[in-house]
Amino acid sequence: MSLLELKNVSKIYGDLKALDNVNVHVDKGEWVAIMGPSGSGKSTMMNIIGCMDKPTLGEVLLDGVDIAKESSKKLTDIRRDKIGLIFQQFHMVNYLTAVENVMVSQYYHSMPDEQEALEALGRVGLRERAHHLPSQLSGGEQQRVCVARALINHPELILADEPTGNLDEANENIVLDLFAQLHAEGTTLIVVTHDPEVADAAQRTIVLEHGKVAREVINEHFDEQQKDWLARLKPENKR
Amino acid sequence: MLIALLSIGIGATILAGLVTIYVDVPRQMGAQFRSFGANMLILSDDGMAKDQMDKALESIPADQLVGAAPYRYIRVDMTTRQQSFTAAGTDFDQITKTSPYFSVEGRYPEKSREVLVGKEIAETIGIRAGSSMELTWQPTAGNTEGDPSEDRQPGAVLTGSAEGWSGGTVYVTVKLDDSAKIASLTIDAGTQTPEIGGLAQTDEAFTRQFIGKDLPLKLEEDVDALSGATVTSTAVVEALNTAHNTQSAVAAKTIKYTVTGILTTGGEEESYVFMNLEDMAALTGNDAVDVVELSVSASAEELETYAEQITENADGVRARLVKRVTRSETAVLGKLQSLVFLVTAVVLILTMICVSTTMMAVVSERRREIGLRKALGASDRSIRTEFLGEGMFLGLLGGVLGAILGFVFAQVVSVNVFGSSITFQPLLIPAAVIVSMGVAALSCLQPIKRAVAIDPAIVLKDE
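Heads up: the protein sequence lines correspond to chains A and B, in order.
Each residue of the first sequence is one higher than the one before, counting from 73 in the working numbering.
Each residue of the second sequence is one higher than the one before, counting from 1269 in the working numbering.
It cannot be assumed that every hint is accurate.
What the hints assert, rightly or not - Distance condition first, Cα-Cα at most 30 Å in a straight line; then the derived DSSO-like pairs of lysine-lysine:
hint : chain 1 : residue 1 : chain 2 : residue 2
1    : A       : 145       : A       : 284
2    : A       : 100       : A       : 89
3    : B       : 1318      : B       : 1524
4    : B       : 1486      : B       : 1443
5    : B       : 1521      : B       : 1443
6    : A       : 146       : A       : 284
7    : A       : 79        : A       : 145
8    : B       : 1323      : A       : 146
9    : A       : 141       : B       : 1717
10   : A       : 79        : A       : 126
11   : A       : 126       : B       : 1717
12   : B       : 1717      : A       : 145
Just so you know, these hints were derived from the structure itself, not from any lab.
Because the structure is a prediction, the values reported are computed rather than measured.
Turn these sequences into a full structure, and let the hints guide you.
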């Protein structure tokens, strides 16, 4: 069952076609990577999927709703209710502690609930760092806070923009472990990246070039990888 | 943020300070103006008794009445110097309040039989503080007060008139000695034929025969007629008898006073002798007052109302304003208040610009955070509410801060400029807070517009 479907989507800036008649579909629970060099239309696609921009032409069906036709106010509502965002730059509010940063997301969604926010931090292994300010956290820790923030409202879709772009390998693995865990729980993941290793972690990779889908690659080893990851993850979780 | 708070705080400080001064200025300046003298007069046509005066004063709130100085004016003679002055009976305690510009060399009289002498008189007759002077009150024309039963008192001066030759009037003034006999006599026969009846005025033999006689007199029995002027002589005797019978004369009185001080005012008061009302009553046997000078610390409209009330309520007296004083007061106050108002408006605008600029800087500084909040699902409305809330909170803090500092500021200004402290206006705190919050909210409008316009997609782009 498809969660997201882009039908003949184009985004045109003057003479430039950032996206040119793109067709993409993502099923519920799928883990998809989007790759491509700069200028290939990754960001534009990300903005459109993240309900922060609208296509010039075409339909974007998210959970059956054509977001291309909605007002920006409605788009804000959809984004808040259905999408969890993870950014390359983390984007934490620097005067709020880790748990408060998670609660900001709750605040705009429904009601801040510190207990729930602490639990979400527990899931990313940062329970004991909950009351630290971003400046007291490492990059990897900040990104894990952002993962916790993205999943706190139980979104249908987690949209990650270069989530490991600013992380070292160890932290990259931690984040990918978290993604594997989320995938195992049935969360739909779309990860925009230019890192082949990150893309390889996904079930399927969509490669964009010059605003078009150049090719799609299915990860045939995904199930084995997933098994390995989960095996690695379990003792860590119990720790 | 701190800068915005500071600017609101300072804005509110100046605002609160100026408003305090604005509110307090009429009182302050009013008090200053009160040093220029009385601004209201209570008058009476035929003398005002003490209770009439007290009743009139009831119309003015006690806290606004700076002073009320009663005055009564009479003519007195200083026989030893053949000088005659205006004597003013008054209340020296009140004079210091209504006429603080009076400058006394020496001191104000404190006890009875002490007088204050105007500089002009002092120079004319050459007396100083500490000298003494004898003043005589003559119950002559104009000094009509007095009790007829005091007639024929020792030392009384009587006047009378009668019709003489061909309708001309003959006047006499007679002074009685201690045993009520005629001590001296002045005859005014200017209307009579000069070389016949007119001689009554100058013929010593004629006038001398009256001295030592008791009134009333009979012509030919007690005194002889002036030869050839029977009509005029009859008129003189008649005039004397009229004086004796009908003149409600009071004995002339002479009292010795000690001069306690010399008064300099730069005005006509320098030619007056001032004494206590009680002393004047002792001299003239009458304690009525001609006029009360009031110094009232009130606006022109209030003064007008009080004046009307006094004129309506108290019978026999009427109040009027010293327009010269009240008008200039109103004019100066109006100018001062509009100046303060103008400065306040300018300060408010400056505060607004400053806060707006700061908030603008805050918004661009927090662009990413705002973008993030929007990406996380913050609606335009919640962004607006947050910033407005922040602005209002700044306004609240600044307002409270400003109200307190403003009072201090106003106090300092007041002490330095007006030389008096001001009363704290409790209403000022809510007023300053509300105005500050309003200014803060207005200043936030443009920054909020900009915050709302931030594209959440900025969080996805690389730096």
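Does the structure break any of the earlier hints, and which numbers would those be?
Going through the list in order, the structure violates hint 8 alone and respects the others.
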